[in-house]
Amino acid sequence: MTTTDAILDVVDVVKEFPARDGGVVHAVDGVSFTLRHGETLAIVGESGCGKSTVARMLVRLVEPTAGAIRVDGDDIAHASGRGLRALRHRVQIVFQDPFAALDPRRTARAAVAEPLQIAGRRGDVARRVPELFELVGLGPEHASRYPHELSGGQRQRVNIARALALDPEVLVLDEPVSALDVSIQAQILNLLADLQARLDLAMIFITHDLSVVEHMADRVAVMYLGKIVETAPTRELFAAPSHPYTKALLSAVPAPDPVGERGRQRIVLAGELPSAQDPPSGCRFRTRCWKAADRCGQEEPALLERGHAVACHFPEPG
Amino acid sequence: MTALLEIDDLHVEFAGAGAPARVVDGVSLSLAAGETVAVVGESGSGKTVTALAVMGLIDPPGRIVGGDVRFDGRSLVGLADREYRELRGRELAMVFQDPMTSLNPVQRVGDQVAEAITVHQPDVAVGAAGLRAIELLESVGVADPVGRSGAYPHQLSGGIRQRVMLAMALANRPRVLIADEPTTALDVTTQAQILELLANLRREVGLALLLVTHDLGVVAGLADRVAVMYAGRIVEEGSVDDIFSASRHPYTRALLAATPRIGSKRGSLVPVPGVPPNPAALPHGCRFHPRCALAIDACRIEVPELEPVRSVPPASVPARASGPAPAAVPPRTASSETAPDPDHGLDPGHRSACFRADDLS
Numbered sequence: 002m003t004t005t006d007a008i009l010d011v012v013d014v015v016k017e018f019p020a021r022d023g024g025v026v027h028a029v030d031g032v033s034f035t036l037r038h039g040e041t042l043a044i045v046g047e048s049g050c051g052k053s054t055v056a057r058m059l060v061r062l063v064e065p066t067a068g069a070i071r072v073d074g075d076d077i078a079h080a081s082g083r084g085l086r087a088l089r090h091r092v093q094i095v096f097q098d099p100f101a102a103l104d105p106r107r108t109a110r111a112a113v114a115e116p117l118q119i120a121g122r123r124g125d126v127a128r129r130v131p132e133l134f135e136l137v138g139l140g141p142e143h144a145s146r147y148p149h150e151l152s153g154g155q156r157q158r159v160n161i162a163r164a165l166a167l168d169p170e171v172l173v174l175d176e177p178v179s180a181l182d183v184s185i186q187a188q189i190l191n192l193l194a195d196l197q198a199r200l201d202l203a204m205i206f207i208t209h210d211l212s213v214v215e216h217m218a219d220r221v222a223v224m225y226l227g228k229i230v231e232t233a234p235t236r237e238l239f240a241a242p243s244h245p246y247t248k249a250l251l252s253a254v255p256a257p258d259p260v261g262e263r264g265r266q267r268i269v270l271a272g273e274l275p276s277a278q279d280p281p282s283g284c285r286f287r288t289r290c291w292k293a294a295d296r297c298g299q300e301e302p303a304l305l306e307r308g309h310a311v312a313c314h315f316p317e318p319g
Numbered sequence: 016m017t018a019l020l021e022i023d024d025l026h027v028e029f030a031g032a033g034a035p036a037r038v039v040d041g042v043s044l045s046l047a048a049g050e051t052v053a054v055v056g057e058s059g060s061g062k063t064v065t066a067l068a069v070m071g072l073i074d075p076p077g078r079i080v081g082g083d084v085r086f087d088g089r090s091l092v093g094l095a096d097r098e099y100r101e102l103r104g105r106e107l108a109m110v111f112q113d114p115m116t117s118l119n120p121v122q123r124v125g126d127q128v129a130e131a132i133t134v135h136q137p138d139v140a141v142g143a144a145g146l147r148a149i150e151l152l153e154s155v156g157v158a159d160p161v162g163r164s165g166a167y168p169h170q171l172s173g174g175i176r177q178r179v180m181l182a183m184a185l186a187n188r189p190r191v192l193i194a195d196e197p198t199t200a201l202d203v204t205t206q207a208q209i210l211e212l213l214a215n216l217r218r219e220v221g222l223a224l225l226l227v228t229h230d231l232g233v234v235a236g237l238a239d240r241v242a243v244m245y246a247g248r249i250v251e252e253g254s255v256d257d258i259f260s261a262s263r264h265p266y267t268r269a270l271l272a273a274t275p276r277i278g279s280k281r282g283s284l285v286p287v288p289g290v291p292p293n294p295a296a297l298p299h300g301c302r303f304h305p306r307c308a309l310a311i312d313a314c315r316i317e318v319p320e321l322e323p324v325r326s327v328p329p330a331s332v333p334a335r336a337s338g339p340a341p342a343a344v345p346p347r348t349a350s351s352e353t354a355p356d357p358d359h360g361l362d363p364g365h366r367s368a369c370f371r372a373d374d375l376s
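Line by line, the protein sequences are chains A and B.
Using my numbering, the first residue of the first sequence is number 2, and each one after it goes up by one.
Using my numbering, the first residue of the second sequence is number 16, and each one after it goes up by one.
Watch out, some of these pointers could steer you wrong.
So the derived label-pair ranges between C-beta atoms look like this [what the hints assert, rightly or not]:
#	chain 1	residue 1	chain 2	residue 2	range
1	A	Leu200	B	Glu153	31 to 41 Å
2	B	Ala272	A	Leu305	38 to 48 Å
3	B	Gly142	A	Leu305	49 to 59 Å
Honestly, the hints are just simulated from the structure, not real lab data.
Values in this document were obtained by computation on a predicted structure and should not be read as measured data.
Every residue, glycine too, gets a C-beta built ideally from N, C-alpha and C.
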């Protein structure tokens, strides 16, 4: 793919954190992907896989140790000062906990106006804030409320309105519905899908919950221990997972269907996630993989196109 | 099946600045040995408070203001603290969502499991309790139980901490285990391990499990019966199949339609409009009516009681009398052939609190 139709181009980013004992935690270890205009890419994986670190690097809340993150060709990983501020307007983030993300002493109106004020667009506040409220499905009556006077779903709408205030081209959503009740979750997922269609936004949707991915994403990247192990168009990934980890992950999701659950063969992975401070040699998943052979310990599998991209020496037949 | 645990018309209130909040409002539920009953609901439904009331763990400003909880026929409400402590951990045990806040951060996990034994069995020597703790850790699938028993909680992963909690809960072979969102804080592959463990425990030792959760996927795989709670009341109760494939309550149906699942199409999620009510200012009538598409005038005025659903639609009764039964109508008992029976076609195991339940069949 050429970079001309890509709004976001992430090239071999690495993030290392110092460990308490003087070692190094390899949180993200060489991750590359592109995001096209108007596309939604889901990044899925379990705790410790590095997905949230990737999200934070995209908005430069975390400095990448190495690699490039280009927004329409401009490198956000190495920008500073005015250039960084301009790039930050173009990529915005919404976090998991809508309450923690809001200042308890600011009303919903003040929270949504803040990004405009910081960007020096005070004159736009009176026009833009009511527009944003309407866009995210909040009524004018919510404007004067404080976060504790709003429900969880309403708070997340305020956060989404804030993130949209500066007309970003890319919206990064880090577990945006994980803290919400099921009946509210669907409201927010439908709102996000609607916003994407109306605003032609590109989205990075970070989640541990595979059951929401099909409702949001065009493509999926699966991460394990700091690396992407498989990436594919959503339908393809769900229909024919190729990496054993993806397969295990999909099989572990409990379905709200008692008949299906009774007849189901679930892949229960043995053992635990290895430490990101001392990852296994070769393939990182091999310590929990039922297909692992000698080669997996010696040679790290590259992310290769085999119908779609998978990093495995013994991929499942598609 | 005779009930091992019976919750009978339980009412729990929490005092606040204004009127007390009725967080649990007339909940009745029973659990038999070897049975798994799931209490399902969203935040604020009263499911966790119900579980805590069974364990005698409601602290002020909360208070049980009515009803009873019986274990093996014995009434527990109003039991002295000392007697409740004797029961808790020995006959009734509970595991919570977040094992990190339930474990002592400055005590080795092996010692915590051993203590759970010696508290109830003081004649067990410390050394023997330590060995038994290691056995227990092994039985709940902790690899390297000897090494792990010397670790502190922060040195362990979330999945191992939840296993340690289970080992403590099972230390005295309780007959009832209450699990409050036991896998919600865990990753999905770890969740699969813990769910498998719970299913095995129930099969192998006949444990009665009261599963409290918001996750319908977990319920579908583990529960025999399900009680759906909304705003402090059970709105529907039935077998797991009744609830998932033949629900007779609009809230249960709405919850299922809003639940994302693998393989469903984009745009197919149907959100439930509005938000759950504030327990200190509950709506009149059915508490779900402001969010319900089927609400009629009666729903705004009267609170519907939990009643058996009609498994045969009333309209089919006269048809049966005059000709051969349609294949879909289940055979009737002899008595119903001779006399009109007001309870005809009622399914005592499947109950719904909705005036429109018949319209949902």
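Check: Is it true that alanine 272 (chain B) and leucine 305 (chain A) lie within 38 to 48 Å of each other by Cβ?
Finding: Holds, since alanine 272 (chain B) and leucine 305 (chain A) (Cβ atoms, about 40 Å apart) stay within the stated range.
Check: Honestly, do glycine 142 (chain B) and leucine 305 (chain A) meet the 49 to 59 Å range at C-beta?
Finding: The hinted range 49 to 59 Å holds for glycine 142 (chain B) and leucine 305 (chain A), with Cβ atoms some 56 Å apart.
Check: How does the Cβ-Cβ distance of leucine 200 (chain A) and glutamate 153 (chain B) compare with 31 to 41 Å: does it lie in that range?
Finding: With Cβ atoms ~55 Å apart, the hint is violated.
In the structure shown, a violation is registered for the earlier hint numbered 1 alone.
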